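On the provided structure of chain E, position chain F as indicated by the hints.
Spelled out, the chains give:
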Amino acid sequence: MTTNRVSPRRRLALAAAVTAWVIGGILIAIEYSQGAPLPSAIGGVVILVAYGAVLLIFQTRSETVRALAGDPVDERWGRIHEQSLVGAANVATVVALLGFGYCEATGRDNWQFALMAVVLGLSYMAGLVWHRGRM
Amino acid sequence: MVSCQASFTAMQNDVRRLREEKALSQGDLARDLGVSRQTVNAIETGRYLPSLPLAFAIGRYFGKRVEEVFRDDESR
Chain E
4 MTTNRVSPRR
14 RLALAAAVTA
24 WVIGGILIAI
34 EYSQGAPLPS
44 AIGGVVILVA
54 YGAVLLIFQT
64 RSETVRALAG
74 DPVDERWGRI
84 HEQSLVGAAN
94 VATVVALLGF
104 GYCEATGRDN
114 WQFALMAVVL
124 GLSYMAGLVW
134 HRGRM
Chain F
2 MVSCQASFTA
12 MQNDVRRLRE
22 EKALSQGDLA
32 RDLGVSRQTV
42 NAIETGRYLP
52 SLPLAFAIGR
62 YFGKRVEEVF
72 RDDESR
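Residue numbers (this note's numbering), protein chains in the order written: chain E, 4 to 138; chain F, 2 to 77.
Chain E with its partners taken away, still in its complex shape (with noise of 0.2 Å):
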């Protein structure tokens, strides 16, 4: 008898690629619940489906969709997922001081950069602590 048991590495890109598109789903009905025209809706969301798709049917020929996919081959892609994570953060702390600046220079509302800049360190100090007992 034959099974057709999904592996959970094929599963993983699978939970990758329908959180883009359910993501995706929700930008659409909440631009079209807001009068944006349905074709504009779905525009704006090509990028997160084809992001999806890129996962799905990439995997299991690339690496770096694999590490993309939450499924790193090995240590070394581990590790490089890990310092890519790393990067993407400094690079968002930025973003938010940065615009958190400017906004209050030029007298806008800055409420978004302030939440953004306050999730990123309290979530860094709270990798601390948890990952200081751990290892």
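Because the hints were derived from the structure by calculation, they are not lab data.
Check before you lean on any hint, since a few could be wrong.
As the list claims (entries may be wrong) - So the derived label-pair ranges between C-beta atoms look like this:
#1 LEU88(E) / GLY35(F): 51 to 61 Å
#2 LEU125(E) / SER52(F): 23 to 33 Å
#3 TYR105(E) / ASP15(F): 37 to 47 Å
#4 GLY81(E) / GLU68(F): 37 to 47 Å
#5 ASP29(F) / LEU88(E): 28 to 38 Å
#6 LEU53(F) / LEU118(E): 20 to 30 Å
#7 ARG82(E) / GLU75(F): 47 to 57 Å
#8 ASP73(F) / CYS106(E): 46 to 56 Å
As the structure is a prediction and not an experimental result, all values here were calculated from the model.
In this text, a Cβ means the ideal position worked out from N, Cα and C, and glycines have one as well.
Only chain F this time, still in chain E's reference frame:
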């Protein structure tokens, strides 16, 4: 005195020589160790320092102790 800067110490290894002695390709070794061929290449060229478990696995694979495969500057 034991140095506390091990993570910054340059390391050399004999993985390429040992692999070639066994007439293995990087792909063969990668498959047997459960890593990618690029990871084997990165270890051989010194661009990537493997974790202790992987270093032990490499040593065991070639029938050597870890320190016979990997050396730091101070062990020469």
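Do the hints match the structure? See the list:
For LEU88(E) and GLY35(F), the hinted distance range of 51 to 61 Å is not satisfied, since their beta carbons lie about 23 Å from each other. Our hint of 23 to 33 Å for LEU125(E) and SER52(F) holds, since their Cβ atoms are close to 30 Å apart. A C-beta distance of roughly 54 Å is found between TYR105(E) and ASP15(F), which places it outside the suggested range of 37 to 47 Å. A hinted range of 37 to 47 Å for the beta carbons of GLY81(E) and GLU68(F) is inconsistent with their spacing of about 25 Å.
A beta carbon spacing of about 32 Å between ASP29(F) and LEU88(E) agrees with the range 28 to 38 Å that was offered as a hint. For LEU53(F) paired with LEU118(E), a C-beta distance near 41 Å fails the hint of 20 to 30 Å. Under the hint 47 to 57 Å, the C-beta atoms of ARG82(E) and GLU75(F), about 24 Å apart, miss the expected range. As the Cβ distance of ASP73(F) to CYS106(E) is approximately 50 Å, the hint placing it in 46 to 56 Å holds.
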